[in-house]
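Assemble the complex: chain A is given as a structure, and chain B must be docked to it using the hints.
Respectively, the protein sequence lines represent chains A and B. Letter by letter, the first sequence follows residues 1 to 77 of my numbering. Letter by letter, the second sequence follows residues 1 to 178 of my numbering.
Just so you know, the hints here were simulated from the structure itself, not pulled from any lab data. Just so you know, not all the hints are guaranteed correct.
[Said to hold, decoys possible] Cut-off 20 Å, straight-line C-alpha distance, at most; resulting in silico cross-link-like pairs (SDA-like, lysine to any residue):
hint : chain 1 : residue 1 : chain 2 : residue 2
1    : B       : K23       : B       : A173
2    : A       : K11       : B       : K52
3    : A       : K6        : A       : K28
4    : A       : K53       : B       : G104
5    : A       : K77       : A       : V34
6    : A       : K28       : A       : K63
7    : A       : K77       : B       : K52
8    : A       : K11       : B       : P68
9    : B       : K114      : B       : G104
10   : A       : K11       : B       : G104
11   : A       : K6        : A       : K77
12   : B       : K52       : A       : K6
13   : B       : K52       : A       : A50
14   : B       : K35       : A       : K11
15   : B       : K114      : A       : K77
16   : A       : K28       : A       : K74
17   : B       : K113      : A       : A50
18   : A       : K53       : B       : A173
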Amino acid sequence: MPDFVKTLDFKGLPCPMPVVRISQEIGKIAVGDVVEVLVTDPGALADFPAWAKTTGQAVVETKQEPGLIKIYVKRQK
Amino acid sequence: MDVEKEIAALKERFDTLPGAENKLSMIVFSGDLDKQLAAMIIATGAAAMGMKAVLFYTFWGTAALRDPGKKVGGKDILSKMFGLMLPKGRNKIKLSQMHMAGMGTAMIRSLMKKKNVASLDQLYDIAGQLGVQINVCEMSMDLMGFKREEMIPYPNLNYCGVATFLADARESAVQLFL
Numbered sequence: 001m002p003d004f005v006k007t008l009d010f011k012g013l014p015c016p017m018p019v020v021r022i023s024q025e026i027g028k029i030a031v032g033d034v035v036e037v038l039v040t041d042p043g044a045l046a047d048f049p050a051w052a053k054t055t056g057q058a059v060v061e062t063k064q065e066p067g068l069i070k071i072y073v074k075r076q077k
Numbered sequence: 001m002d003v004e005k006e007i008a009a010l011k012e013r014f015d016t017l018p019g020a021e022n023k024l025s026m027i028v029f030s031g032d033l034d035k036q037l038a039a040m041i042i043a044t045g046a047a048a049m050g051m052k053a054v055l056f057y058t059f060w061g062t063a064a065l066r067d068p069g070k071k072v073g074g075k076d077i078l079s080k081m082f083g084l085m086l087p088k089g090r091n092k093i094k095l096s097q098m099h100m101a102g103m104g105t106a107m108i109r110s111l112m113k114k115k116n117v118a119s120l121d122q123l124y125d126i127a128g129q130l131g132v133q134i135n136v137c138e139m140s141m142d143l144m145g146f147k148r149e150e151m152i153p154y155p156n157l158n159y160c161g162v163a164t165f166l167a168d169a170r171e172s173a174v175q176l177f178l
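The following block holds chain B by itself, in its conformation from the complex:
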């Protein structure tokens, strides 16, 4: 029996085991302020722990990536309506509970400031510095009528689909859905 060959075969098997990489894959499905905050705190925390962090933004989550300063034309009527009804960026999103016609969300934002909790603006900035990857679901963008030109400038932003998420998730030690 060739021990060296067996070890090499085992090593290869081990290296390609699901979840072998020190990496976090997270689906950011929700467009709610509280959940988006949790996603960003976990992602920056993971990067601080030396993990690779990849966030896959899909469905309602994608609206948080819109840049309020950008206007794009050439949309059909339904896309325009969606564009108007969905929040334009991370500073327009609401709490999942206790929104109370805006009072609750405003209260949380002011409490966060008072207690020195990092805002979404600060967290996106730190995430960019730490190399957190943001992948955006192309199909959700298309469905909601969002265009790439209206998305925020972010250093590690990619557009992709479910296969990219699954390939990332398969090799990640931690997988989450928010």
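Isolated chain A, as found in the complex:
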């Protein structure tokens, strides 16, 4: 698990909210920092990498636990 500066709790939020929220939050951390994002929407597994690819950010790791998905997003720019 990468070091992260904070955790964003998007549990229970369905599409499109997790992606909308991460786009609003990513600017609040420093370039190079990582946030831990907690989601329950399985669509986020595909959507976060797609969002990262389009916006130039990076998904550095994804972990699936029963009923919970943890996505580590690094601010690249």
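Just chain B now, with coordinates in the frame of chain A:
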């Protein structure tokens, strides 16, 4: 051969290619609840992806932009009739299928609440915050007898025609019709 000149010419050509901008242009033609939801989800998603998003509301779609709290006078009889028959705002629109005299639509709205799916009210609010542009077809408004004074307050609302849509669509990487 002047390479620099050629590169400049190519660059200019590239910059003005259709679809060169990181932008979504969408026609919101339908006034159905399901399609309006899809339109708003795609628009807010696009804005989250760093794209500009421009929605062109036309025909039945425009009724969703009416503000139920506003009353305007001075309409002729046909406009009044249209005004009464068409839904007054986004919370009065129906599903395109399974409306079932209101039962289906009410069921979907309560299911959305239960499953925490963003309502149209929330989506319009987020769209406004993310800078999603709403352009309204002036001709449709006129045809249905809607006046600007009865439309919702929305931060990025414009009235225009087909040329504005086409100019936006031409330079957009993504174009959709709903």
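- Message: Are any of the numbered hints broken by this structure? If so, which, sorted upward?
- Response: 2, 4, 6, 8, 10, 12, 14, 15 and 17
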